[in-house]
Each structure stands twice: as structure tokens, then as C-alpha cells.
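Residue numbers (the numbering used here), protein chains in the order written: chain L, 188 to 512; chain U, 188 to 512; chain Z, 43 to 381; chain W, 43 to 381.
You can take every hint at face value.
Calculated pairs, DSS-like style, for lysine-lysine (alpha carbon to alpha carbon, straight line, at most 30 Å):
id : chain 1 : residue 1 : chain 2 : residue 2
1  : L       : Lys-368   : L       : Lys-230
2  : L       : Lys-439   : U       : Lys-509
3  : U       : Lys-439   : L       : Lys-439
4  : L       : Lys-227   : L       : Lys-368
5  : U       : Lys-439   : L       : Lys-509
6  : L       : Lys-439   : L       : Lys-509
7  : U       : Lys-227   : U       : Lys-368
8  : U       : Lys-230   : U       : Lys-368
9  : U       : Lys-439   : U       : Lys-509
If you're looking for bench data, these hints aren't it; they were derived computationally from the structure.
Chain residues, written in single-letter form:
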Amino acid sequence: MAELITYRDAVARALAQEMEHDPSVYFIGEDVAAAGGVFKATKGLLEEFGPERVRDTPISEEAILGAAMGAAMTGLRPVAEIMFSDFLATCWDLVAVEIPKSRYMTDGQVSLPLVIRTANGGGLRFGAQHSQAVENWAMAIPGLKVVAPSNPRDVIGLLAAAIRDPDPVVFFEQKSLYPSKGEVPDGEIVDTLGVASTVHSGSDVTIVALASMVPRAVAAAEELEGLGISAEVIDLRCLVPLDTATVVESVKRTSRLVTVEENPRLCGWGAEIVSIVAEECFWHLDGPLTRVTTPHIPLPSADALEDAFLPSVSRIVEAAQKVVQ
Amino acid sequence: MAELITYRDAVARALAQEMEHDPSVYFIGEDVAAAGGVFKATKGLLEEFGPERVRDTPISEEAILGAAMGAAMTGLRPVAEIMFSDFLATCWDLVAVEIPKSRYMTDGQVSLPLVIRTANGGGLRFGAQHSQAVENWAMAIPGLKVVAPSNPRDVIGLLAAAIRDPDPVVFFEQKSLYPSKGEVPDGEIVDTLGVASTVHSGSDVTIVALASMVPRAVAAAEELEGLGISAEVIDLRCLVPLDTATVVESVKRTSRLVTVEENPRLCGWGAEIVSIVAEECFWHLDGPLTRVTTPHIPLPSADALEDAFLPSVSRIVEAAQKVVQ
Amino acid sequence: MSTTELETTPREMSDADHTSLGLYEQVVRIRTFEERAYRLFMEGLVKGTSHLSLGMEAIAAGFGAAMRRDDYTFCTYRGHAHTLARGTPMAGVMGELLGRASGVCGGKGGSMHLTSVEHGVMGSYAIIGAHLPIANGAAWSAQARGSGQVAVCFFGDGTTNIGAFHEALNLAKVWNLPVVFVCENNLYMEYTAIGEVTAVEHPAADRASAYGLESIIVDGNDPDAVYAVATTAIDRARAGGGPSLIEAKTYRHGGHSRADPGQYRPEEEVAAWMQRDPVPTYRARLLGAGIDEALLTAIEQRAQADVDAATEQARAALPPDLQAAYTNVWADGGSSWRN
Amino acid sequence: MSTTELETTPREMSDADHTSLGLYEQVVRIRTFEERAYRLFMEGLVKGTSHLSLGMEAIAAGFGAAMRRDDYTFCTYRGHAHTLARGTPMAGVMGELLGRASGVCGGKGGSMHLTSVEHGVMGSYAIIGAHLPIANGAAWSAQARGSGQVAVCFFGDGTTNIGAFHEALNLAKVWNLPVVFVCENNLYMEYTAIGEVTAVEHPAADRASAYGLESIIVDGNDPDAVYAVATTAIDRARAGGGPSLIEAKTYRHGGHSRADPGQYRPEEEVAAWMQRDPVPTYRARLLGAGIDEALLTAIEQRAQADVDAATEQARAALPPDLQAAYTNVWADGGSSWRN
Ligand SMILES: Cc1ncc(C[n+]2csc(CCOP(=O)(O)OP(=O)(O)O)c2C)c(N)n1
Ligand SMILES: Cc1ncc(C[n+]2csc(CCOP(=O)(O)OP(=O)(O)O)c2C)c(N)n1
Ligand SMILES: [Mg+2]
Ligand SMILES: [Mg+2]
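Kindly generate the complete structure, drawing on both the sequences and the hints.
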């Protein structure tokens, strides 16, 4: 049996599954308990697990992640919500300088089994300070695992895997996907981190996408079929650990690569994928490696502008045509 | 006439030159005034320009950059020091979410002529929280200009250009270079941002480097000559604006690229250079595009380990040999 | 109490009366604008999000009236009121809410980032706490330039628990900056009561002594009280007396943002505060003071007419040209990151 | 005063005497260790940097003695003293300073990141303020697990002006956490006097009320006074009485770090504080209380011998194997970021 649920509800289901599974899982954040989250993605958890395990915090992002870090090193498995990924900047020292380095600096004395959940990306007309796609910020930091699901089923399987993982994980929920629906099987779902999935098979070009860019890449692949181009679409699902095997194998077959990311142009994760391919698949390549990204500008607020500058199906189609011809 | 001065003294000379040149230039930071900076790079400025224009601050990085931002939008040209680039994480909201987006979000109403100076990179056995090379963090943010000089002359010319620039600039001083000496002409020096320099000419492979990696790349090029490989070395000097013309022109001649960066492996600036070349020079390439980076680990403190994992001359030589053969 | 009880016969207008009428006009204009903004949001014309100051108008009105034309305002995503209170034309504000090229930020900022530098509105900031240190910077620059300008920084109760608040207040005092920090304490953050996450009863006032500042609390629903405390703090700052931290007690009539009904708030609490709605209570006070009701009615009608006109202009305006997305990243007007 | 004046005839040892001797032993061991660390830094054996607690030993000693074996210590880059005070073997600490494989962190942490989880030393943090929120987390976990453990967090005067301090203190109070925050006020940050950049006279104590906490100041050079205040605060936290913030007044004998001679400090100030050096003053107090000098001499000799032995072991130890750089990024022991 399976049911159709939203990406939003999948978050609550995954958290409930894991809090049920492991009494050491605690969940904190701003407006997450009584209000069920500003995106309503954590509704019902307070009622089900009580105020000890599901707690509202002050507007103190450093205090939130500090609490998670200190608790993780002393026996809890905290999940901390940072409401919008833009706010990771207000606690970036914890994310980039404390949490990822502690195990290494202590040569393994400290373990940090924690998850930072955050709503990432644009498309909701929230303007430049509430719409950034910053998964590349996290990918650049040694010691962080980075996950970004594209559908409700993966939200459950990957969030569960992140919570059970012994290392710190930054879990990016694409806020434009919260209302999207998908089939989810009944019962416990737990995936493995670091496994990409080929969501559309093809032989002419490999399109690598993540999160909100996956449905767009698939739509582009379908359009490309009509144009006589057979595109393979890979949903990375995780940036760290990175499933380079799947990407490299595919590109060696198709000889061409297009990456599709919501990150602004410079130093996005697409550049990392291109660089790996440019070094490891060089002799198999038949065309320039191309990135489709948001331009290197802050995201404008007006709907007309926002729609025009996030990577669109048509921009992906054009890019694929260009590398194939 | 020219004199031999240190990279460290070049910083103070550049600041003095610009504070002399423009009374609206102010300088603030922790221990920068009375103490002349923890790296002694700002000695004498308090004595020369007085406590109104050269100010010590509390240990409050957000307050420091907030002061710089608010002052820049209302008529001053502040230079703010963030002692170690690692500490940019404690004020990352100002660096990544406020300062770079203000002009854009207000459609040009707000101008932010400010400079953030910071000591970047490893090599001093300071451990994982005082040794990061984070110029890639800044490059990933639309709205920031990013500069990183490799020698005393460029420190003066580029810092002067950064201070006169009407946009926000993050100026990375490589702390391992502070004691290094170089020839500096007398009189005012002001360069243009966004102009790379070819510091060693060659025809077999293009080596792109920045800051502390430049002297190592040049040493490697000299060693490669002995091995019959003619390497061209480009000192980028700025990551934004990026002198892609110089890089692309060189790679089209040499057909091969090696980037050398202090950034950890994933999403460093080298990946951006590789991606630009992989798209724009594809049909000219004769070998895999290769990056020499610090491994994707926090930097260890012990001298034996630190020396082994920052990119070394021998690793650059090997990489170049590999792409040429 | 009903207004009629209080009515007395009209009389000659004093300076105080003119100030009062100015304050009344401002609260009414903001009230009328915010009610319209809410309707347009519900109609789907205001996209994304929108944070209203319904019920909190007296704070913007009182400070707006006390500020000098060249003083600086720094506010939050809940900034329509403060932007209007400095004299920013309604059409430009409404245009921005609707994402039109005619908006004060050309549609690139949106409801949360209203800015009008020519009116001293130096920006609306959407990251909690971020603008407090920035307001210090404007005050520092005014001090350095000897311009006599003052920076006024508005923020909410929940903002007192973030680090930037602490860093900003300390530096303001140490540098003796001409800045006035105004905490609009509406008792709630988004959906959580401030009392549940704060170590002290008065989130701002009980922290003042930690920065060597006087503890100041004012009734944020009373335009006269706000105007008085604002005048004192701003004059002191201008005279070199340094920063102030003011906690203004108030309440939002609606939810936090968008369509939030605010059901997490006890009915009695909402009802009690509705009794203290600044618009009718101030209207009653003015009538009680013998001001001619015709003057108040005229103000109300003018506000309606202006909001209608601003709405029409905004509705009629075009969306930004796509090329606008590539402008004003840099001072050269463009967005190129390469040479 | 000279110690002899005070001497009285030796007598039977009381419990209090044993506590005093324990405190004396701790200050002497730390003093001896730090003097050696300084010498080894000047010899170029300690690489990078090193921040000593010379003159500040009484704080680490007093708290170390008051803590339960399973309590948590969170300290800063100036953490040799706190790491030793929990019983971490000197050889492992010295090995870490010298960047040897035998170091408590295998040479990967260094002087600024001493950690010994088995001794409750949960880390030395080199980013100002970062560990205050982290200490809250350990206290929250102890509270959730009902373990009765307490977290003690040490930091400097300059740290009271960074945002993380504010966020941590507020949350600690709101969640009633078993955490004790200890501000080691040595009057200086790196080279700047705390008074020049702080809005209040007592950087920690004058902020306590902003978090609903009691204002507590203790003589940080008096082991007995520190031990007393530490015991009270830790017991209260363990009993569910919530957090404390303690300001311990002290002074560093040397500079901030490395070879800093600390010349930015007035001679008279240094001289006055040297009179209050915790080692000789406490020694004199014990003798005055009639403790047999032979016991003190034995402690001093044992400390010298232990530091000599630790130094020898560290000097003899090997640097870390290069492969060690690739271990312990992840819980699987490795560092791979790809499948
Ligand atoms: C750093 C940061 N954290 C969280 C948020 C999300 N957020 C937006 S408004 C808000 C509540 C703010 O409450 P308050 O300061 O009382 O202002 P009010 O909205 O009541 O005027 C929160 C948590 C944010 N914008 N920035
Ligand atoms: C966020 C941050 N800013 C600046 C520094 C540089 N720094 C290291 S120690 C120090 C002085 C700290 O003074 P205090 O808190 O009094 O501690 P003390 O060294 O006196 O024990 C500074 C500014 C840092 N490590 N982290
Ligand atoms: Mg509020
Ligand atoms: Mg100090």
C-alpha cells in the first residue's frame, strides 16, 4: 500500500518515525512546537512527543545550533530547525567552524550525530534575504554531510538516514516543493546517504540535478525526447557523500554533461560536478560541460523577475541542445 | 626608486596612502589602533590619523561590519578588519546577506563603498579554526568583489583600488605571506581590480594560482622547465571581477589547465575556473582539467601534518606532468 | 468610552492641536494603507508575504513626527508604517508591494525591503537583528561628519534575544552614538509569545542596564506618549548625549504575516487590546480636547482618497522589465562578475 | 607580608586542610606546567601559538575541585589550566602542545583545542563566544537524561561583548539549564583593555540581571573564594536551580599569547597584581593556618617532577603519521566525501 502525501507532510512523518524509533531524538527550533512550524512541516509533533522532546526556542540561531551540538556530543540525537537557509548565515560559525571540525580536532573523541533542517531556495517571491539556495555553502565545508531531497518519499528516507547518521548533516528542504505531492509506501522508510538515482534514462546527454531542479530536469528530458535528444537525468539527492560513481558512469556513456542548480553562478555545486567530470571523464567527452544556474545576482522579489531567473525547463532544454549539436 | 618591504608593511602603507588621499576613509577593528594589529600590519596608523579615524572595537564582529555598512551608506569609506578570515563566519550574515544585497534590493539607492580586510589561510600551525582559506565563500556571494594579493606591491595597488572602489570588497591577506618581502616603487600605487597577471610564461600548460599559491606555482614552473615542460603561471589577483579573458586566452594556447588553491577540495574557486574553461575552451583542450587543492579535511595543527596537506611545489609539479603527458 | 460623551465645542487651534492632528493624520494614513495592503494580499495582488502594522501605527507616527527630515530610519520587514511615516509616497510603496516597476525599489525589494533613501528610510531588513549594528554605522557616520543627524532603529520584542542586539547596544554606548533603538513589543514573535522564550519580563527595558542605559517603557498605542519619549531621546542623541533604548508596548491586530489569523493568541487578550486601538482612542481624545470633528473626518477622507489613488497607480503600473534583474548589482549599474 | 611571620607550629590535618592542600597542589601544578610551556614555546618546540593561564590558576583549581567527575568543562584556547584541572595527564597535554602523536588530540588539535572527553573536558574552543551555546547543549542533554551532570563554561571578559554570549545566557535561563558560566576577567582582551570597549564596569556581573540572574563577583586569585562560589553554583545547578554567571577578577602575568610581552599594561598595574599572585599568597595562607611547610614543598617537588617527566615523554614522542590527517573526519574513521 502507498499513499499520496505532500513534501511538507513527509517532513513531519519522517520526524515522527525517527522520534518513535529512537528516544534520544529531540527536536528544537523557532515556532516548531506549538505552531507546528512556519511551513507547517512539523505539525503534530509536540502533541505526540511532548514539550521535553519538541521545543520552541528564542530567535537565537547560535543558541539553537550550540544546543544541538552540545547535546549531540553528550548522548542526544538532536534535530535543529533553522527556519530559512538564509539564516544559516547568522549561525555560520556553528555550521562551518564548530560542528564540522570537532571530531577531527579531537581526533575522534567527539561524535556529533545531529541534523540541521532548513527551508532552502526561491520561487515564493520572498526576496533576496529569504530565497537563497545555499547548499553549496555547506558542500564547501569539510566535515558536513549535505542532503537535499526532491520528493516526499525521499524526504522520509533521507531525513531518517540523516538522523540515524553518526555525523552532522545539513538537510535542505526546498521550500518551493513543500506543497508538491508524491507516492509514499506505508511503513518505515530509511535510505542510505550518498546514493544518487537515475530518474530518467538516456544516451545523448547526462543532466545532473538536485531538489527543485529535478522535476524541471525531467520535464526538460521529456521535451528533449520530442526534439530527438535522449537525456539521462540524475537526482543527486546528496552532495556529501557524493555519488560520483553514478555520475561518472553515466557521462562516460553519454559523453555530455549539463548540471542544473538553483545556486548563483559562481562556485555552485554544479562547478564541483563539472570539475570532477572534466578530470575523470575527460577522454570520453564529446562536448563542452555546461551549467544551468541562477545568474550571479541576488534574487529579485517581483514574481515576473523571480520566475525568469531561476533555471527553467526551457533553459535546460536549450543548454542540452547546445551541448549535443 | 623602489624599496624592499614586507607584505605586512605594505598593508599599513596602503592604508596610510588612502587615508591621506581621502578624508572619508576610516578604519576599525579589534586591536588595530593602539596595538597596530595582531599581525602588526596596521602599525602607526593611530599615531598618524588619530583616534577618530582609527578605532579599536569590542569583540563584536557583527557590530564591526554593521558599523562599516551603515557608515558606507551614509558618506564614509570604511575599512573594517576581521582579524582572521575564519571569523567571517561569526558575521557571515553581514558579509553574505546584508552588504552584498543592499544596492540590488534597493535598485541602486544604497551604495556601499567599503572594504573588509582579513587574514586568510594556513601555514602557521594555528589549527583548524584559525587557518581556513575561505576566499571561495566570498566568491560564491553575488554582490561581493573579492581580492587576494600575492606580493607586497599588489597589496598596495589592490588595497588602494579596493578602497576607491564604489562596491563592497573582501580583501584577503594571506597570513603566511605577511613576512615575505618584495620590491615596491615609491609614490602612490593604485591598480585596477579584475586584472590577472601572467607571472611566468609558458606554452604546455596553464597554472592558475592565487595569493600564497603563486610563489609555489612559480617555483613549480621553474622545476618543470628542468623536466622539459613549459608552464605558464597566472596570478588571478582578484576572484571578482574575474579576469577570464587572460585565463581563456592562455588555456587556448596551452590546451591544458592546472588550478592551485588553498581551499579545501569541494566547491573551491578552482572548480569555478575549471568549469569556465570546460565550457569556453572545450574544443582547445588536450588533457584533463586538474585541480591541486587542500584535501577536503579540516586543517590539522601539527606542523608535520599542515605542511603535508597544503598544496606544495611537488604536488603542483606532479599535477602538471600528469596533464601534459 | 464613546467619543460623544467627550465632545466639547470646537475652538481655536493651538500648536499642540496641530501636532495632534499631524499624529492623527499619520495613524489614519497608515491604518488605511495597511487595511488595503491586507485586502490586496488576500486578492493575490501582493505576492510572497506581507507584515502589517495594524494596531501598531502610533509608534511609527510618534517617531516620524519627532524626527528631523535628514534623520535615518532603519526598520524591519514590518516596515510599511515606518516607510510611510517619513513621507515616502504611498504609490511607490504600494507599487513595491505589488512587484511593479513603479515601486520604490523597482519591484526588486518587495514588501520586506522597502527603502527610500531620499526620505531617510535607509532600508527594511528581513534578517532579525541585522539592522541594529547597521543603524550604529549610520549614527557613527553622522557623528564623524558632525551632521547632527540621528539614526532611529525599529525592531520587535523577539529581536532582543539575538546576538546582534547585544553587540549593537554595547557598541552604541561605548562610542556614544546618536542612535535611538525602539523595541516594538507586540508580545509575540511569529506565533510564539515572547514571554515563553525570554529570561526577563520586559525584553528590551530589562536589558538596558546591561549597556549602561536607562530603562524606558512607553505605551506604544498612545501617539502623544510616543511622540514625547521620541522627542526626548532624539534630542538627547542629537545633542551628543548618546544612545537610548525604548520599549514601546503594543499589539498587532492581525497575525504575524500573510493570512495568519493569529489564533495562538487568547481571545480576551485580543479583545482587551482592541479596546486600546490607537485610532479610535486617539480620535476620542482629540474630540474630547475640543478639536472639530470635521477636521478628523477630512483627514480620514483624504487618507482613503490617497490610498485609493496609490492602489490605482500601482495596479496600472507595469511589472519590471526583465533586464532590470541585471541592473544595480554594482555601482556601474550592471551585474557582470567577469572582465 | 613574608610567610615566616605567619608561621605557627604544624598540627593535625582537618578535612578543610586536605581541600586546601588539593587546591594548592592544583595551582602549583598548573603554574609549573605553564612556565614550562612558555619556555618550550620560546625554544620553538611549541609551534603556532599558546595562551597561558599564569596568574589565573586559582580559577581552574577552585572549579576543578568543586566539579563532579562526570561534569562537563568547556573552555577556550586559554585552556591548559582547565584541561589539567580535570585530571587530564600532563604528558598528553604537553604532547599536544608539541604536535606529537601522543597528544590528547593526536596532534591534530594543538594548544588551542585541548580536549579529553574521558576527563569531562569537552573541548577548547578558539572562536570567541562559540562554546557558550555549546555548553548549554551539554547541560540540556544532562537535564533531558536526568544525569545530574553540570556543565561549566569558562571564557574571558572580552567574550561578554559578542552575540553568542547573549544568546547563550538567555536560553540557559529560559530552559533552566544546569550550566555555570565563568567569566575570567583578566582586564584585557588581546592587547586592548576591556574597559575601553565595554558599556558597563563589570562585563559579566553587570549583565547578569539582563538574564534574570544574580550578579556574582569573586576574587579569582583566591582559591578558597573560587572554590566556595563554584561549589554553591554547581550544587544549585545540580539541584535544578538553573544557571549561574560568575565573574572572577584576575590578571595574566604574561602577555596574551606567544611571545607577547604585554607592554600595553601600566607597570603599576602589573606590579599591584603581582602582589596578588595566587601561588605565594595561597602558600602563605596555608602556612599561616599552620600547615606543615614540608607538605607544600613536597607538592612543589612532585609538580616539578611530573612536568619534567611529561616534557620528556612529549619530546621523545613521534610526530603524527601523515595518514592521521585523513582519519576521524567522519565517524567511520575516514575522510572520504565520495562513494
Ligand atoms: C535571524 C532570523 N531568524 C528568524 C527569522 C524569521 N522571523 C521573521 S519575523 C520573526 C519574528 C520576529 O518577532 P519580533 O522581533 O517580535 O518582531 P515582530 O514580527 O513581532 O514585529 C521571525 C522569527 C528571521 N527573519 N531572521
Ligand atoms: C570571534 C572571534 N573574534 C576574535 C578572535 C581573536 N581573539 C582571540 S583571543 C581574543 C581576546 C579574548 O579576550 P578575552 O575574552 O578577555 O579572553 P582572554 O584571552 O583574556 O582570556 C581575541 C579578540 C577570536 N578568536 N574569535
Ligand atoms: Mg513581536
Ligand atoms: Mg581577558
